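Novice: Turn these sequences into a full structure, and let the hints steer you where they fit.
Chains as they are written, first to last, in this note's numbering: chain S, 1 to 268; chain H, 1001 to 1265; chain X, 2001 to 2270.
Rather than coming from a laboratory, the hints here were simulated on the basis of the structure.
Check before you lean on any hint, since a few could be wrong.
[Unchecked claim] Every beta carbon over 12 Å from chain X, so not counted as near; a handful from chain S, in silico:
hint, residue
1, Glu26
2, Gln104
3, Arg195
[Claimed, not checked] Straight line, CA to CA, 27 Å or less: simulated DSS-like cross-link-like pairs of lysine-lysine:
hint, chain 1, residue 1, chain 2, residue 2
4, H, Lys1011, X, Lys2267
5, H, Lys1157, X, Lys2264
6, S, Lys80, H, Lys1010
7, X, Lys2162, H, Lys1157
8, H, Lys1010, X, Lys2267
9, S, Lys124, S, Lys80
10, H, Lys1107, X, Lys2070
[As the list claims (entries may be wrong)] Partner residues are not named here, just some residues of chain S that face chain X (Cβ under 10 Å, in silico):
hint, residue
11, Leu25
12, Ile81
13, Gly82
14, Phe85
15, Gln86
16, Glu87
17, Gly155
18, Arg158
19, Ala159
20, Arg182
21, Arg186
22, Leu187
23, Leu191
24, Asp234
25, Val235
No experiment lies behind these values; they were computed from the predicted model shown.
From the three backbone atoms N, C-alpha and C, an ideal C-beta is built for every residue, glycine too.
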Amino acid sequence: MVEIKDLVKRYPSGQEALKSVSLTLEENTVMALIGPSGAGKSTLIRCINRLVEPTSGTILINGTNVCELSKKDLRLRRRKIGMIFQEYALVDRLTVMENVLSGQLGYVGFWASTLRRFPQDVVKQAYSLLERVGLSDFVDNRADQLSGGQRQRVGIARALIQNPDLLLVDEPTASLDPKTSRQVMRLIVELVEERNLQCIINIHDVVLAKQFAQRIVGLQDGKIVFEGKSAELDVSVLNTIYGEEDWNIKKKKKEDEDDEADIFSMGE
Amino acid sequence: MQEVRTTWRKKRKIENPLIRYGILVLVLAYLYLAGTGIEVNADRVSRGLSRVGLLFSGFFQPDFQSRGKYIVEGILESVAMTLASSAFAMILAVPIALGASRNIVPKWVYLICRVFLMLIRSLHVVILGIIFVIMFGYGPLAGVLTLMVNGVGFIGKLLAEDIENIQEEQLEAIRATGASWLKTVVYAVWPQVSTRFIGLSIYRADISFRQSTVIGIVGAGGIGAVLDTAMGRYDYHTAGAILFVIIIMVLVTEYGSSAIRRRIV
Amino acid sequence: MPIITKGNSLSWKRKTPSQQRTQFLVVLSIVVIFLISASYISKQTMWEFVSDAPIQIRDFVSRMFPPDIKYFGRVAPALWDTITISVFGTGIAVVISFALAILAAKNTTPNSAVRMVVLTIIVASRSVNSMIWALLIVQIVGPGLLASIIAIAIRSLGMISKLMYEAIEEINTEPIEAITATGASRAQVFVYGYLPQLMPSFVGTSVYRWENNIRESTIIGIVGGGGIGMLLNSAINRLAWDQVMTILIVIFLTVVVAEWVSAKVRKSIS
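Specialist: In structure tokens, the structure reads:
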């Protein structure tokens, strides 16, 4: 369980990216973070594993306050937090297998990892994860030889080999086409359920958020303006978060793409 | 169900371990053999290290006065050599570079020019200096010729590469109008490479100046000879002064050249 | 490309009048500078020597051919020494440059004071020609291979470090972030995040420098001692032009081979 209380992030320039944010995340839930660009969604996600240092506030993950951890303890905690990135964040020149195995770097010693000697059970897990995401044939390919969707799946495998209890996802579908986006979202949601994880997804595609997440949090200008079940997301909520907009246009476009998602009839 | 694999080895560039370790052994053997050929005369080195103090004192108490006249002359000569040679090198490099570009001349011209450029580039500037000193006697004339030939090689090759990289379509378009070879060059090639050419020439002038400080050692004019004499007489204070001037000027020209190049790009 | 009105008619000129004026002034000043330099040099030149240049050239070219093949025996060990100079000089420089580059790059340096100091060292080493370094080093360690190796190493430091730290500053930071997020130690982040991205350019830079250093090594013997440079110097002093020719041919071939090797290695990296 993740509890965030009064999280503030202020940059040296004075800009406040997060203005006293509080929220709770339960187990086995997918929570989607939506909001306009610059609302602070990415910052919030990165504060949870302290890739961005919070200015003040507490972040409790299973009872431990992440903000108070020493550098060493933070590293140990990060081993159990898996992260998936918008631009996949793979090391291009390394193979798919090496990228996946790099998720376990926190558990393997320096020399062992440099010589690529990972324990047998880790390798076994890597192989089975790659099969789960459908990339068994690409084990020894260089990461930059794969398509966008394939790379994202490697990123997912890397996050999962950490056996995390928390999954942070930052715009997983921003660089993917609509069909691949849905495949990736579906995969993430299935894995969360299979492994009983908690998951926060920063996503700008409102339709995907409503379809795949159970809870939705709307962020605007560093503050939470909506929190609730995805079924509760309707036009008035979207107006609050994003401002006035003819949301029908979105609906028409989606119909043209032969998408069965419908903003008004979700959750059935 | 497919059997799950449990071991994995990283794929190496050279798979065969025999070859891999063989190469490693060869490399180590070479390093050992070559290394033993290097004589380190510990005695000389320890004596020399005490000299370091002298050298440093020379550098930090530079003497601009006693040989000042020679220093000024030397620097002026180096500068003059740089400027004169750069102008000539720029002019001469253009036709040769054109001739060394695969996309605008027939193959035989291309081959001749490329080989010519390769020949002049393979000779180190100091060797060129020696050759020109033998032919034309000591003095800055040999220096100008040296820097000029070296410059033509430098600008020529890089300019040729730039010319070969221009957009094909522009070339084809002008050719399609029936323009003569010269007109094609002026209208299709030149506009695309002129900025790079100016940038290259300025960069080359910078390099030429650096070289002009050294070729004096073999008699081709410039401050190099003055430095060599000073060192030979163990006059570290004068040598320090000369080094000081050289470093300042190199920094100034480098800064100036990159500033100008940034503004025109 | 302006259109200029002259009286009743329009004419199109490629540049505006002010641009034309500027261009003219620039060209004029270049020509003037050139003329001044040329006359200065001309004053320094002993034209009597130049007038017999054609005779000298003919004489000396005829003595160059045929090149002295037997001399090869003396050249071979000198060539070995020259290659040693280039390999060790470049090797030492690469190792030290690696450390310097890490300290000089904005994203990996511990603090900016260190960065400034390292950048100054890099600039200083590049400004001075390797021959001048050799002159200095010979005063300290005496003539011989060691002096040449050190001179080549010092000169290369600046060039290799600059390219290396620029490469470090240009890397993609996202994978670094991702590896850090898994809980990897700093050293592991370096091995898995930085190294794979930097390896190709590091190896490429080192090999390119080595190729260049072969050229430097061939002549540094003139000042520093050891290798073909020394042989060349003595042959010239003895006016043994056919031997000089042999040496020049060997140098040329060595440089060509080195260029080929370097091109091959650099291609196999990328």
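Novice: Each hint needs a verdict: does it hold in this structure or not?
Specialist: We went through each hint and held it up to the structure:
1. Glu26: Correct as stated: the minimum Cβ-Cβ distance to chain X is 23 Å, above 12 Å.
2. Gln104: 8 Å, violated
3. Arg195: 17 Å, holds
4. Lys1011(H) with Lys2267(X): 19 Å, holds
5. Lys1157(H) with Lys2264(X): With Cα atoms ~19 Å apart, Lys1157(H) and Lys2264(X) stay inside 27 Å; holds.
6. Lys80(S) with Lys1010(H): Holds, because 26 Å separates the two Cα atoms, which is no more than 27 Å.
7. Lys2162(X) with Lys1157(H): 23 Å, holds
8. Lys1010(H) with Lys2267(X): 22 Å, holds
9. Lys124(S) with Lys80(S): The given pair, whose Cα atoms are some 19 Å apart, holds under the 27 Å limit.
10. Lys1107(H) with Lys2070(X): The given pair, whose Cα atoms are some 38 Å apart, is violated under the 27 Å limit.
11. Leu25: 18 Å, violated
12. Ile81: 7 Å, holds
13. Gly82: 8 Å, holds
14. Phe85: 6 Å, holds
15. Gln86: 8 Å, holds
16. Glu87: 6 Å, holds
17. Gly155: 8 Å, holds
18. Arg158: 7 Å, holds
19. Ala159: This interface hint holds because 8 Å falls under the 10 Å limit.
20. Arg182: This interface hint is violated because 23 Å lies over the 10 Å limit.
21. Arg186: 22 Å, violated
22. Leu187: Violated - the Cβ of Leu187(S) stays beyond 10 Å from chain X, reaching only about 18 Å at its closest.
23. Leu191: Result: violated, 17 Å to nearest chain X Cβ.
24. Asp234: Violated. Min distance 35 Å.
25. Val235: 35 Å, violated
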